[in-house]
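> Take a look at the letters that make up each chain.
Number of protein chains: 2
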Amino acid sequence: MKIAIMGFGTVGTGVEEILYKKREILRKHKLDIEIDRVLIKNIGKKRNPFEKALTFTDDFDEILTSDVDTVIDVTTSLEETYQRMVALMKDGKNVLTANKAVVSKYFEELNDLARENEVYFSYEAAVGGAIPLIHPLMEEALFNNMDKVFGILNGTSNYILSKMEMEGASYEDVLKKAQDLGFAELDPTADVGGFDSMRKIRILSSMIYNAKINEEEIPTFGIQNIKKADFDFAKNIGYSIRMLAKSELKDGKINISVIPSFVNDEFFAKTFNETNAVKVWGENFVSYELKGPGAGRLETAEAVVRDLLRILSRREIPAFYDGENHYEVENILENKFYIRCEKVSPALKDLIKFEKVCGNDHFILTKKVSLSSLKPILIDLGDFFLAEIEEDI
Amino acid sequence: MKIAIMGFGTVGTGVEEILYKKREILRKHKLDIEIDRVLIKNIGKKRNPFEKALTFTDDFDEILTSDVDTVIDVTTSLEETYQRMVALMKDGKNVLTANKAVVSKYFEELNDLARENEVYFSYEAAVGGAIPLIHPLMEEALFNNMDKVFGILNGTSNYILSKMEMEGASYEDVLKKAQDLGFAELDPTADVGGFDSMRKIRILSSMIYNAKINEEEIPTFGIQNIKKADFDFAKNIGYSIRMLAKSELKDGKINISVIPSFVNDEFFAKTFNETNAVKVWGENFVSYELKGPGAGRLETAEAVVRDLLRILSRREIPAFYDGENHYEVENILENKFYIRCEKVSPALKDLIKFEKVCGNDHFILTKKVSLSSLKPILIDLGDFFLAEIEEDI
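If you're matching them up, the sequences are chains X and B in order.
In short: position in the first sequence from 1, add 97, done, that's the numbering used here.
In short: position in the second sequence from 1, add 97, done, that's the numbering used here.
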């Protein structure tokens with residue numbers, strides 16, 4: 098079975114290592130996998146593959162015109178990768194990807210394309226790393242109405258939050274450390290701004306509801322402005338702070354958001370470091386919880402290999418997502434919120450249930466209010482940190 | 098696609114309900130499933146199926162000679178069901194089962210038989226109920242060395258333990274309540290004696306190590322003698338008590354046991370009611386954790402339906418288990434233990450690190466000692482409660 102890989106960064110090298118390290122046992126199970134070639138940008142760069150004879154190319158057409166069965170995408174680019182996926186699927190090649198940005202933006206298009214061209218399209222590695230998540234949820238989506246999913250879906254921001262909590266460190270220091278350790282990007286906006294989580298909750302939600310959700314419909318708040326004082330305040334009233342991606346389908350309406358949240362449950366509040374945590378609710382069970390490494394070289398490669406083996410042995414689920422259901426994104430999102438800011442506008446004043454002032458900072462707990470009515474008020478506050486109070490998960 | 102069901106108890110009715118309730122959506126995915134007939138013992142008993150026209154029979158041969166593709170076993174008998182599974186597979190029928198006793202006792206035979214007859218044999222519902230567990234672990238077993246698995250695998254005993262802990266109730270009262278609620282058997286030995294957990298850890302371990310483990314090799318201790326005082330003692334030193342099934346492969350040797358354990362971690366110690374919890378360690382990740390309903394009508398039916406859909410769409414993993422690896426069951430199991438007993442023998446005296454006497458009860462913490470050297474000493478103690486102290490999971 099000949100495959101190709103697009104990209105040879107952290108995850109790509111992990112996939113290559115697993116496939117060649119485990120070659121004998123895979124062969125025993127009739128999975129004799131050969132990496133035909135690997136697409137890279139800079140052909141001159143020194144590489145150190147597990148299999149020394151690995152072939153590299155910087156010419157996408159070589160992959161497109163090759164006779165490989167399946168292409169693994171571990172790139173991070175958006176539009177270019179999307180166009181390549183389209184070309185590959187139209188050519189009858191299965192595509193599996195770890196690229197959550199592409200999956201989230203083009204979920205409908207890619208699923209339609211896979212169906213039209215009778216190829217497999219899978220994305221286990223796009224959400225939740227090594228946790229077996231996407232495929233089990235796909236299976237369930239066929240016969241079980243799932244109506245709610247909450248998750249800590251971004252490892253970097255959870256690392257920062259839990260380090261700040263445990264070590265009393267500042268946001269800047271922990272971010273710097275995460276960057277030094279190589280698991281936060283130099284531009285960390287996608288992670289700390291909540292956009293990575295937003296993409297992942299869009300993917301999970303669309304999949305289990307079989308309904309389209311636009312990225313723009315998901316209110317997304319990040320942790321860039323968080324301070325040690327926020328943790329102190331939260332701790333004082335019995336909470337931790339975690340960035341939650343939340344989605345619920347009720348009475349034909351979807352409520353969905355990504356927002357730092359005050360949590361005091363056993364599951365999310367006790368999720369530390371880069372760990373991801375997902376809780377799913379469905380009609381055949383109350384809920385179940387999955388927790389594990391959401392990122393990492395072999396951890397993500399693990400998810401890619403799961404997809405690959407299913408596709409090569411024709412055990413993957415054919416693209417079932419057709420967005421047949423149309424639900425309004427309602428986003429009432431009514432709850433109590435925590436706001437730390439320096440200026441308190443008259444509009445905000447009306448919503449205050451509790452206020453503590455310390456130096457320039459106002460620490461505020463609001464009355465029950467909808468996020469949408471809160472949003473215009475936030476604009477006037479200058480720098481602020483917002484979190485939702487999750488009393489019950 | 099015609100299938101048959103053997104057994105129509107709690108789980109059987111759940112499976113039937115899901116299949117007919119979801120018939121339209123399953124048809125849309127080219128899974129037009131018809132239950133040809135259901136094997137029951139008492140043909141005279143009034144049944145209340147979801148599909149009123151469902152056909153019942155008490156004649157196994159009708160199933161064996163029918164043209165059904167796949168047979169779902171949701172019986173609880175051991176030898177009879179095993180013989181029937183053998184006959185079905187030899188006849189070319191796929192078998193999937195929720196019967197953990199059969200799977201555990203005849204794991205090698207059933208996997209061999211499936212391979213020889215080129216049929217599918219699957220058992221997602223045998224361990225962990227609705228938690229996606231068996232199939233994801235099967236996938237991983239193909240390319241990832243997993244070397245450790247710990248679990249709370251029995252819902253009934255965990256219900257009893259957590260109720261005793263939370264409500265300060267007695268073992269007898271909680272057991273009675275569980276029996277009244279219908280999720281403890283009138284003879285609860287399999288659950289509270291640890292034998293159900295023992296079967297499940299045998300299945301999980303054999304699967305991920307691809308090695309035979311005999312049920313008799315697994316030291317199994319139950320909770321029948323537990324008292325409120327044990328929880329008081331544990332709480333005093335910072336622990337909860339849970340029944341853990343534990344298995345580890347290290348340097349080619351297996352250590353495996355089922356034993357009440359003092360735990361103070363966030364995962365197992367905070368597992369309440371009938372919930373199951375499983376933690377798996379492997380070479381490509383540190384560990385991941387799964388938690389959810391381990392039993393229940395629709396919860397277990399859910400796992401059965403997962404298996405069924407995979408088999409019918411040929412997405413199940415062919416029997417890969419061949420017990421190729423031979424590992425010694427070493428069972429050093431050296432740790433500190435908690436023992437409550439009325440008589441303290443001289444041999445036990447030598448092992449005591451801490452002792453408190455209250456009325457007739459001796460509450461003892463031992464030095465580090467192996468379970469195998471402790472075992473002969475326990476015999477002389479009369480009624481006792483034993484738990485292992487898990488300092489680090």
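No wet-lab data here; the hints were simulated from the structure.
The model shown is predicted, which means the values in this text are computed figures rather than measured ones.
Wrong hints could be hidden among the right ones.
Unchecked claim - Mimicking DMTMM-like on lysine to aspartate or glutamate, the simulated pairs with C-alpha atoms at most 25 angstroms apart in a straight line are:
1. Lys-260/X with Asp-348/B
2. Lys-125/B with Glu-264/X
3. Lys-332/X with Asp-419/B
4. Lys-119/X with Asp-348/B
5. Lys-127/X with Glu-421/B
6. Lys-127/X with Glu-213/B
7. Lys-118/X with Glu-345/B
8. Lys-350/X with Glu-427/X
9. Lys-367/B with Glu-269/B
10. Lys-125/B with Glu-213/X
11. Lys-125/B with Glu-380/X
12. Lys-125/X with Glu-205/B
13. Lys-347/X with Glu-121/B
14. Lys-367/X with Glu-205/B
15. Lys-367/B with Glu-264/X
16. Lys-332/B with Glu-363/X
17. Lys-260/X with Asp-362/B
18. Lys-332/B with Glu-121/B
19. Lys-118/X with Glu-121/B
> Are any of the numbered hints broken by this structure? If so, which, sorted upward?
Hints 1, 2, 3, 14, 18, 19 are the ones this structure does not satisfy, whereas the remaining hints hold.
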